[in-house]
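Colleague: Go by the hints and put chain B onto chain A.
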Amino acid sequence: MTLKEIKKLLQAEVIYGIDKLEEEIQWAGGSDLMSDVLAFGKPGILLLTGLTNAQSIRTANIIDAKAIVYVRGKKPDKEGIKLAREKEIPILSTKYMMYTACGLLFSHGLPGVSKIQNNK
Amino acid sequence: MSTENGLSKRFEITGGDFGKAGEVSTKIKEILQEIGIDSTIIRRTAIATYEAEMNVVMYAKKAELTLHLTPTKISIRVYDDGPGIENIEVAMQEGFSTATDEMREMGFGAGLGLPNIKKNADRFKISSTPGKGTALDITIYLNQAGKK
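Residue numbers (the working numbering), protein chains in the order written: chain A, 1 to 120; chain B, 1001 to 1148.
Hints should not be assumed to be uniformly reliable.
[Unchecked claim] Computed footprint of chain B on chain A, listed as stretches where at least three residues anywhere in the stretch have a Cβ under 8 Å from a Cβ of chain B:
{"#": "1", "stretch": "1–11"}
{"#": "2", "stretch": "16–28"}
{"#": "3", "stretch": "38–47"}
[Stated by the list, open to error] The calculated DSSO-like cross-link candidates involving lysine-lysine, where the alpha carbons are at most 27 Å apart (straight line), are:
{"#": "4", "chain 1": "B", "residue 1": "Lys1119", "chain 2": "A", "residue 2": "Lys66"}
{"#": "5", "chain 1": "A", "residue 1": "Lys66", "chain 2": "B", "residue 2": "Lys1020"}
{"#": "6", "chain 1": "A", "residue 1": "Lys20", "chain 2": "B", "residue 2": "Lys1027"}
{"#": "7", "chain 1": "A", "residue 1": "Lys74", "chain 2": "B", "residue 2": "Lys1020"}
{"#": "8", "chain 1": "B", "residue 1": "Lys1009", "chain 2": "A", "residue 2": "Lys87"}
Just so you know, the hints here were simulated from the structure itself, not pulled from any lab data. Cβ atoms here follow ideal geometry from the backbone N, Cα and C, with glycine treated the same way.
So that you can see chain A by itself, here it is in the shape it has in the complex:
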């Protein structure tokens, strides 16, 4: 599923990365807890989160996430957007809450990271 399709499904706003919407996303995971994301995230993951501080973007960068979708209409601050730009991590914002956003993506064929058995 491309980021463009994800944007359409989630009626999301692109905050950074309008030129990266053709990127293919293989799997996704949702959490507000970066400890979990660091422990269970996989390279190339689409991260859905309601946590908008700089740590959400730093964590995404550390685990090689492909993009971030902020749920509940949230958006990172200017520093966060600057960091996403530096690290070239596309960021989107959807008004859907976490459960609905994840459900929409899953029901349209985007699997969760738990389907990947290798944890490292």
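Modeller: Coordinates of chain B only, in the frame set by chain A:
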């Protein structure tokens, strides 16, 4: 700093500075990328270093992190001046945490940090003296790409 035995770099981490938390790990990731280290090894090193950095930011006033890279391995040593750990065996259990609400609001403090460092390292040693600080030694071998 480059030496005949590889590359060594020292970084300082400031405790309590959540705004800058993760900068050192990000820098180390960039250094390893520039050198051309395998991406799986880089990711494991970055995750282990980031977890260690967050622990310093959450619990200590400051720490020194040393990166040492040789042709065969990456060694990371983090020595902080934090409160130390009373019972390392308990602290290594997933879910054990002494985090405050502020730490949890930052998305951390779930009691997964030390176990996750161990998971991503090939060798992991932790020593701590209550009231003085904690030292972590993380080793990741370069010739094991894909094994972990």
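Colleague: Hint by hint, say whether it matches the structure.
Modeller: Results for each hint:
Only residues whose beta carbon comes within less than 8 Å of a beta carbon in chain B count, and the stretch 1–11 of chain A has 0; fewer than three means the coverage is violated. Restraint check on the stretch 16–28 of chain A versus chain B: 0 residues with Cβ-Cβ distances below 8 Å, three needed, restraint violated. Proximity of the stretch 38–47 of chain A to chain B, defined as three or more residues with a beta carbon under 8 Å from a beta carbon of that chain, is established by the 3 residues found. Under the criterion of a C-alpha separation no larger than 27 Å, the hint pairing B:Lys1119 with A:Lys66 is consistent with the structure, at around 23 Å.
For the hint linking A:Lys66 to B:Lys1020, the alpha-carbon distance of about 22 Å falls within 27 Å, and the restraint holds. Distance hint between A:Lys20 and B:Lys1027 is fulfilled; the C-alpha atoms sit about 24 Å from each other, no more than 27 Å. Between the alpha carbons of A:Lys74 and B:Lys1020 the distance comes to roughly 21 Å, so the proposed pair stays at or under 27 Å and holds. Restraint check: the Cα-Cα separation between B:Lys1009 and A:Lys87 comes to about 22 Å, which is no more than 27 Å; the hinted pair holds.
Consistency with the previously given hints fails for numbers 1, 2, ordered from lowest to highest.
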